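Next come the chains, spelled out residue by residue.
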Amino acid sequence: MHCIETGNTAAATGVKLARTQVIAAYPITPQTPLTEKLSEFVAAGEMKAEYIPVESEHSALSVCIAASSAGARAFTATSANGLLYMHEQIHWAAGARLPIVMCVVNRGVGAPWSVWNDHQDSMSQRDTGWIHLHAASHQQIIDTVIQAFRIAETVRIPVMVCYDGYLLSHTYMPYEVPDQDKVDRFLAGSAPARLLDPSSPMNLNTVTLPNTRPDVRGDIAPAYMEIRHCLQQDLTRTTAVVEQADRDYRDLTGRGGHPLYECYRCEDAEFIAICLGSLSRQLRGVVDSLRSASVKTGVIALRLYRPFPAEQLVPELDKARGVLVFEKALSYGYEGPLFSELKAALYHGSRRPVLHNCIVGLGGRTITTADLHTALADFCVDPETVRKASPQWIGLAPLK
Amino acid sequence: MNTVSKAIDLPIEELVHPGNRACSGCGLSLIYRTALKALGRDTILVVPPSCLTVLQGLYPIAATQLPCVNVTFASTAAAASGVQAALRAQGRQNTLVAAWAGDGGTSDIGIQALSGACERQENFIYICYDNEAYMNTGVQRSGTTPAGALTTTTPLVGKAQQRKNVARIVAAHDIPYVATCSASYPLDLYNKMARARTMTGIRYFHIHTPCPAGWGFDPRFTVKMGKLAVETGLFELYEIENGRFSLTGASKRLLDKERTPVEKYFSVQSRFKVLPREQVERIQQETDRRWNELKQTQS
Ligand SMILES: Cc1ncc(C[n+]2csc(CCOP(=O)(O)OP(=O)(O)O)c2C)c(N)n1
Ligand code: SF4
Numbered sequence: 009m010h011c012i013e014t015g016n017t018a019a020a021t022g023v024k025l026a027r028t029q030v031i032a033a034y035p036i037t038p039q040t041p042l043t044e045k046l047s048e049f050v051a052a053g054e055m056k057a058e059y060i061p062v063e064s065e066h067s068a069l070s071v072c073i074a075a076s077s078a079g080a081r082a083f084t085a086t087s088a089n090g091l092l093y094m095h096e097q098i099h100w101a102a103g104a105r106l107p108i109v110m111c112v113v114n115r116g117v118g119a120p121w122s123v124w125n126d127h128q129d130s131m132s133q134r135d136t137g138w139i140h141l142h143a144a145s146h147q148q149i150i151d152t153v154i155q156a157f158r159i160a161e162t163v164r165i166p167v168m169v170c171y172d173g174y175l176l177s178h179t180y181m182p183y184e185v186p187d188q189d190k191v192d193r194f195l196a197g198s199a200p201a202r203l204l205d206p207s208s209p210m211n212l213n214t215v216t217l218p219n220t221r222p223d224v225r226g227d228i229a230p231a232y233m234e235i236r237h238c239l240q241q242d243l244t245r246t247t248a249v250v251e252q253a254d255r256d257y258r259d260l261t262g263r264g265g266h267p268l269y270e271c272y273r274c275e276d277a278e279f280i281a282i283c284l285g286s287l288s289r290q291l292r293g294v295v296d297s298l299r300s301a302s303v304k305t306g307v308i309a310l311r312l313y314r315p316f317p318a319e320q321l322v323p324e325l326d327k328a329r330g331v332l333v334f335e336k337a338l339s340y341g342y343e344g345p346l347f348s349e350l351k352a353a354l355y356h357g358s359r360r361p362v363l364h365n366c367i368v369g370l371g372g373r374t375i376t377t378a379d380l381h382t383a384l385a386d387f388c389v390d391p392e393t394v395r396k397a398s399p400q401w402i403g404l405a406p407l408k
Numbered sequence: 484m485n486t487v488s489k490a491i492d493l494p495i496e497e498l499v500h501p502g503n504r505a506c507s508g509c510g511l512s513l514i515y516r517t518a519l520k521a522l523g524r525d526t527i528l529v530v531p532p533s534c535l536t537v538l539q540g541l542y543p544i545a546a547t548q549l550p551c552v553n554v555t556f557a558s559t560a561a562a563a564s565g566v567q568a569a570l571r572a573q574g575r576q577n578t579l580v581a582a583w584a585g586d587g588g589t590s591d592i593g594i595q596a597l598s599g600a601c602e603r604q605e606n607f608i609y610i611c612y613d614n615e616a617y618m619n620t621g622v623q624r625s626g627t628t629p630a631g632a633l634t635t636t637t638p639l640v641g642k643a644q645q646r647k648n649v650a651r652i653v654a655a656h657d658i659p660y661v662a663t664c665s666a667s668y669p670l671d672l673y674n675k676m677a678r679a680r681t682m683t684g685i686r687y688f689h690i691h692t693p694c695p696a697g698w699g700f701d702p703r704f705t706v707k708m709g710k711l712a713v714e715t716g717l718f719e720l721y722e723i724e725n726g727r728f729s730l731t732g733a734s735k736r737l738l739d740k741e742r743t744p745v746e747k748y749f750s751v752q753s754r755f756k757v758l759p760r761e762q763v764e765r766i767q768q769e770t771d772r773r774w775n776e777l778k779q780t781q782s
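Residue numbers (the numbering used here), protein chains in the order written: chain R, 9 to 408; chain L, 484 to 782.
No lab work stands behind these hints, which were simulated from the structure alone.
Note that the structure is predicted; figures quoted are calculated from it, not measured.
Some hints here could point you the wrong way.
Across the chosen pairs, the derived CB separations fall in these ranges [claimed, not checked]:
{"id": "1", "chain 1": "R", "residue 1": "179", "chain 2": "L", "residue 2": "725", "range": "48 to 54 angstroms"}
{"id": "2", "chain 1": "L", "residue 1": "496", "chain 2": "R", "residue 2": "192", "range": "53 to 59 angstroms"}
{"id": "3", "chain 1": "L", "residue 1": "725", "chain 2": "R", "residue 2": "374", "range": "56 to 62 angstroms"}
{"id": "4", "chain 1": "L", "residue 1": "577", "chain 2": "R", "residue 2": "184", "range": "24 to 30 angstroms"}
{"id": "5", "chain 1": "R", "residue 1": "44", "chain 2": "L", "residue 2": "630", "range": "29 to 35 angstroms"}
Built from N, CA and C at the ideal position, the CB exists for glycine as well.
Pulled out of the complex, with its shape left as it was, chain R reads as follows (with noise of 0.2 angstroms):
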């Protein structure tokens, strides 16, 4: 079914699709339409679930952990400080290995107040263990959301499937709603587990000792670290997991074959432009632009940032003069943190581009096609005199 409607309902459908049992959640913008939308799905009978509203985004997503420990599947969905106030939560979701999907409609974070879109709150929990995907469109919401229950069930670890405020949550745009038997199918044998149950009674996140002990049966049981290691290992063995989701969806529904990133035009590229998010679909403008005038530029736009799927990303890239990173957060004190890891990324490569890191569009600031177009263009005329400003920030106005 085609249709057009905007980013918040496409996830929400999404998650009706995916026949969620359990849903918390406490508005904010932008993503409180995305919860009305479900709260109605609930309330019209649309949709079979527990709906429960909150009084905060902690108890939003403490009621998708323990709701999920019982064996449910659950959804939340939060903004910029909501995503904050959850912060405990988000790790304990992850270390307690809960297959729990947010959607985190990405906004600046106070203070001072932004509603408006830029990716420094899910950013703030890069290293809470969660898998983050991004969605650039919202055809890639719906499928997205669909395809993080599939890869959250299967590796028990929680998913965050992030999209831009404003820029695709409330803007309407055309999607494919695919049919719910063919969802059905596609998530058929995938489920939470129950841990929860009295009939096979476990205590669930107990205190945890430095060193393994034995259990009564005289097996050593795991310590802290060993938990956390397999977290680690697990989450790294994602990205096969993303990929296999991906294939199997695209076989069921035609959609999907981009499951870690998207390239567009980079086979020949000499400068490739990276981002997360909405802005690829701008960058796009950009690189044909470019290309008419006979500079060959690409874009990547990244779709799993959680795991960082180095391992692909490596050759896409080292082929190329020049990385630009266009991005819509900072570390602070240092650089964008997508620059900061793709650096890391190539540090073992032989043949290394010329990266360059831009900021842009920080709470909600205008990105215009043309200064894109000039950051490009320049840093494919002089890549290394450009890098000397990394990082460099686009479209701030001079004061005075």
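Given chain R, work out where chain L with the ligands should sit, using these hints.
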């Protein structure tokens, strides 16, 4: 529902394993054992950081035979809501959810989630065991630490403020059932909890739980200490069922009995050793006033 009047009539089945990590003489281990008998096997526990987390044992040991999810400090009532929602979604209607938190986890950091759950009229039992301080982190003041008590964060002169009356705060949400209990009256606790087990909606228990380590008394006096709190009238045993308040058990009997002077209770624990005489008198007067009121409404 069977009420019991003799300890020997309590269910024989033990859901708490022998041996746990609580201090000797801990009031919590007494109520844990009794309350779980009332809750029964078909129960899922939700536990935030507290002495109970430690009592349960360190991985891979567990002190109970009930499934238990340990949750973060602020999230207890929300987590219980989540377990309950999952059970509803799966049609597992008979399983009971019981949240079990300390006074810090209830009166301070967890009160928002508890209030939210009460307002939503969730369906679970919430138990607050009140040892009147943060004991797990080494005796710091909590919202329910009584005025005058020495803790490590109210040293030298004791806590300046009155304690929060959490049962009353919770009751203000108009939930179906609120009960206060004491570790020293296990049958009263058992009977109230067994009855609450059969109700639906959110049911709140506030259990006064003497703590020898934190209060400074000899571990063999735990039961005596809890009884003194009730016999002095400082802690009342009551139920509020659908808005109707009634004193129960030892507190009800206290209506026509001489109460023990509060001074007696304060003098047998080291945490009140700096409580000034005038304050003890004021507390006695306040207690007398409160009981005169109770006599009028309860007779
Ligand atoms: C967010 C957070 N802050 C602080 C702590 C540290 N902490 C663990 S248990 C505890 C005290 C618990 O006190 P209470 O709820 O009264 O239970 P008790 O230990 O007295 O049984 C504290 C402060 C924590 N675990 N999480
Ligand atoms: S500190 Fe007090 S409440 Fe905690 S285990 Fe020891 S006696 Fe029990």
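Hints, verified against the model:
{"no.": "1", "hint": "R/179 to L/725: 48 to 54 angstroms", "result": "holds (51 angstroms)"}
{"no.": "2", "hint": "L/496 to R/192: 53 to 59 angstroms", "result": "violated (43 angstroms)"}
{"no.": "3", "hint": "L/725 to R/374: 56 to 62 angstroms", "result": "holds (58 angstroms)"}
{"no.": "4", "hint": "L/577 to R/184: 24 to 30 angstroms", "result": "violated (43 angstroms)"}
{"no.": "5", "hint": "R/44 to L/630: 29 to 35 angstroms", "result": "violated (46 angstroms)"}
Violated hints, in rising order: 2, 4, 5; the structure is consistent with all others.
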